Amino acid sequence: MSINVKTFARLADAAGALSSERGARFFAGGTLLMHTINDANPEVETIVRSTDPSFLHLSVSSGRIELGAGVTMAAILAEHDLAFLHPAARVVGGPAVREAATVGGNLFARTPFGDFATALLALDAVATLAGGLGERELPVEELLSRRDRGVLLVAAVAFKRPAADVFRFLKVTRVHPKGISVLTIAAQLPLVGGRVAGARIAYGAMNSMPMRAKTAERALEGRALDAAGVAPVLAVAAESTAPVDDPIASAWWRKAILPIHLRRLLLGEANA
Amino acid sequence: MKTPIQFRLNGEEVATFAEGGANLLDTLRETIGDLSVKGGCWHGSCGACTVLIDGAPRLACMTLAETVAGRSIETTAGLRQGAELHPLQTAFMEHFAAQCGYCTPGMLMAAKALLDRNSSPSREDVVDALGGNICRCTGYEPIIQAVLDAARGYRRSA
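Chains A and B are the protein sequences, given in the same order.
Residue numbering for the first sequence follows this note's numbering, starting at 1 and increasing by one per position.
Residue numbering for the second sequence follows this note's numbering, starting at 1 and increasing by one per position.
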């Protein structure tokens with residue numbers, strides 16, 4: 001069955017079409033949607049695209065980072081000023097996938113995919129949603145919880161640049177260099193007087209979508225990043241997680257190894 | 001609905017019609033007749049269909065055909081210059097880097113994308129560049145060695 005492809009110069013118009021056209025799906029890099037199309041899934045009747053330059057806009061300043069939702073993992077890897085994000089962008093598929101995979105698309109990737117979304121969650125990113133009636137902002141955490149309900153067209157994400165060495169990322173896979181996630185951990189670990197103040201930890205592949213590790217965050221508050229300091233955090237590391245069994249790992253295994261890798265990340269022993 | 005598209009394929013202008021929703025892999029093979037591009041999974045998992053679009057590696061099966069309008073595409077069919085094989089093709093032969101050969105076109109193009117921008121890659125660079133390409137025959141080592149060897153040829157010809 002042939003599919004209608006509609007291309008719009010403005011994201012707002014694309015969002016309008018997405019809401020009004022039957023069976024319409026938004027096409028960014030194609031790494032998610034082409035699966036569905038190649039499988040001849042009859043649910044996709046219309047592909048909506050946009051050539052809006054803002055979709056590819058990338059802005060890096062000392063305080064704030066804005067990434068258009070169409071910015072690719074390869075574009076992030078080409079940006080020196082985003083070096084702290086490179087470990088998260090580099091693990092999204094091989095080079096050919098990274099040339100196509102977008103920031104916005106990763107927010108909708110099914111578990112155990114969505115490594116970059118896990119990083120955005122730890123960075124407390126806010127998504128800008130395009131709509132026929134204008135734009136609105138939504139924290140990525142809320143976006144992830146609502147991504148299966150209704151039509152959401154992400155135009156961009158933005159977040160505060162973390163201070164040097166505050167952001168950490170780790171992905172556990174069975175195959176290197178390109179493997180599907182057994183689990184992913186991203187964290188912001190700001191220190192005040194040698195103690196953690198306001199940690200933000202996110203897990204990937206530990207639930208049906210990237211999730212905050214709020215119990216671990218609370219347990220880490222005020223503690224030093226040394227073996228004694230992180231021990232109580234590891235005891236509650238898997239709390240509220242609900243990983244799935246899949247061909248990559250069982251839920252039991254994911255829960256069992258989570259504290260091991262969280263420890264490595266917190267103590268700075270992990271290689272991203 | 002079919003959409004007319006034009007692009008450069010291995011340096012030659014081509015014009016065709018893309019079926020709505022068609023991927024580049026099927027368009028290259030079935031409409032244009034470039035059978036050097038192989039389809040393995042149609043899910044972006046195997047890398048067999050890797051081509052270069054404006055010099056960057058892309059999976060043809062995950063690329064919407066009409067998005068390549070006005071762009072330049074390279075496939076394995078364009079590697080050889082007359083009777084002269086590309087240094088990567090020669091190195092693959094010399095290192096027995098192809099067994100069944102099905103993954104080879106994708107491997108060659110992924111490797112070309114690397115060497116075109118970095119003619120002195122480390123082993124780690126080569127492993128990363130081929131990270132999206134699956135080979136079930138060779139165990140990868142002959143392929144890695146072939147790419148490292150071809151890089152020496154690139155440097156000599158530079």
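Hints in this document: simulated from the structure, not taken from any laboratory.
If you're wondering where the values come from, they're calculated on a predicted model, not measured in any experiment.
Where is the CB? At the ideal position from N, CA and C, for every residue including glycine.
A hint or two may mislead.
To be verified - Pair ranges (Cβ atoms, derived):
#1 A:Gly132 <-> B:Gly33: 49 to 57 Å
#2 B:Glu12 <-> A:Gly134: 26 to 34 Å
#3 B:Ala69 <-> A:His57: 51 to 59 Å
#4 B:Gly70 <-> A:Asp81: 53 to 61 Å
#5 B:Gly70 <-> A:Gly179: 19 to 27 Å
#6 A:Ala224 <-> B:Glu141: 18 to 26 Å
#7 B:Glu12 <-> A:Glu21: 32 to 40 Å
#8 A:His176 <-> B:Met93: 38 to 46 Å
#9 B:Arg155 <-> A:Arg10: 46 to 54 Å
#10 A:Leu133 <-> B:Glu141: 41 to 49 Å
#11 B:Glu13 <-> A:Val175: 27 to 35 Å
#12 B:Met1 <-> A:Glu269: 50 to 58 Å
#13 B:Cys100 <-> A:Gly179: 34 to 42 Å
Results for each hint:
no.	hint	result
1	A:Gly132 <-> B:Gly33: 49 to 57 Å	violated (42 Å)
2	B:Glu12 <-> A:Gly134: 26 to 34 Å	violated (46 Å)
3	B:Ala69 <-> A:His57: 51 to 59 Å	violated (22 Å)
4	B:Gly70 <-> A:Asp81: 53 to 61 Å	violated (30 Å)
5	B:Gly70 <-> A:Gly179: 19 to 27 Å	violated (35 Å)
6	A:Ala224 <-> B:Glu141: 18 to 26 Å	violated (45 Å)
7	B:Glu12 <-> A:Glu21: 32 to 40 Å	holds (36 Å)
8	A:His176 <-> B:Met93: 38 to 46 Å	violated (28 Å)
9	B:Arg155 <-> A:Arg10: 46 to 54 Å	holds (47 Å)
10	A:Leu133 <-> B:Glu141: 41 to 49 Å	violated (57 Å)
11	B:Glu13 <-> A:Val175: 27 to 35 Å	violated (40 Å)
12	B:Met1 <-> A:Glu269: 50 to 58 Å	holds (56 Å)
13	B:Cys100 <-> A:Gly179: 34 to 42 Å	violated (23 Å)
Hint violations for this structure: numbers 1, 2, 3, 4, 5, 6, 8, 10, 11 and 13, all remaining hints satisfied.
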